[in-house]
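K.L.:
Starting from the given sequences, assemble the full structure and let the hints guide the process.
The primary structure of each chain is shown beneath.
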Amino acid sequence: KAGVTQTPRYLIKTRGQQVTLSCSPISGHRSVSWYQQTPGQGLQFLFEYFSETQRNKGNFPGRFSGRQFSNSRSEMNVSTLELGDSALYLCASSLGGREVYEQYFGPGTRLTVT
Amino acid sequence: AQKVTQAQTEISVVEKEDVTLDCVYETRDTTYYLFWYKQPPSGELVFLIRRNSFDEQNEISGRYSWNFQKSTSSFNFTITASQVVDSAVYFCALSRTDSWGKLQFGAGTQVVVTP
Chain A
-13 KAGVTQTPRY
-3 LIKTRGQQVT
7 LSCSPISGHR
17 SVSWYQQTPG
27 QGLQFLFEYF
37 SETQRNKGNF
47 PGRFSGRQFS
57 NSRSEMNVST
67 LELGDSALYL
77 CASSLGGREV
87 YEQYFGPGTR
97 LTVT
Chain B
133 AQKVTQAQTE
143 ISVVEKEDVT
153 LDCVYETRDT
163 TYYLFWYKQP
173 PSGELVFLIR
183 RNSFDEQNEI
193 SGRYSWNFQK
203 STSSFNFTIT
213 ASQVVDSAVY
223 FCALSRTDSW
233 GKLQFGAGTQ
243 VVVTP
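Protein chains in written order, with our numbering: chain A, -13 to 100; chain B, 133 to 247.
FYI, nobody ran anything at the bench for these hints, they're computed from the structure. Treat the numbers as computed from the prediction; the structure is a model and nothing was measured. Any given hint could be a false lead.
Derived CB-CB ranges, DEER-like [claimed, not checked]:
(1) A:37 with B:158: 28 to 34 Å
(2) A:24 with B:246: 23 to 29 Å
(3) A:63 with B:190: 39 to 45 Å
(4) A:4 with B:206: 40 to 46 Å
(5) A:72 with B:244: 24 to 30 Å
Virtual Cβ for every residue (Gly too), placed ideally from N, Cα, C.
P.N.:
This is how it looks when you write it as structure tokens:
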């Protein structure tokens, strides 16, 4: 089975711009979670989608949003980029449902805001 | 509130030494899940183990072993006979049963194995 894929792998954006990151989960996985990883804050949960619905959300401002499509692929959007948004954004997929399954992570998208 | 503490920031060992990573967690839930992940220099988080709060049986998988002690809220991880390829950051994580995809990660422990 193919693993979780994320595109693009690297991005350089200017402050004030917006960006969209994409994540394709493992086949058969219906849950997709997003995390932000920075040296200062570590790994922080952004949100989770299951069957095209956002089920959970972390403590991030409304500039961070996401969606999930019927094929379970997910996108994350960050509007009005700030320098502090520079981070590694990780997507993870799991079977989902009511059970807590392990999450499998993609390689991440390295976002640099200048 | 939930919290995961990995007090060791970095551990350096020589190849073939054993290394134990500590993980202490806080939760008010009676049912929860614990995880360990490995992040090599490539950056991708690799799943190692999932354990639910009702299963305190220790586990061994090859050179890896885990010691779960509910009484002390600890879920420690040992690498036996370490190898250079074990060099990575190791994260402990906690999940509630109704967390809907949210893993609460510890700060991570950097393991450096030198030949």
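K.L.:
Which hints, by number, does the structure contradict?
P.N.:
Structure breaks no hint.
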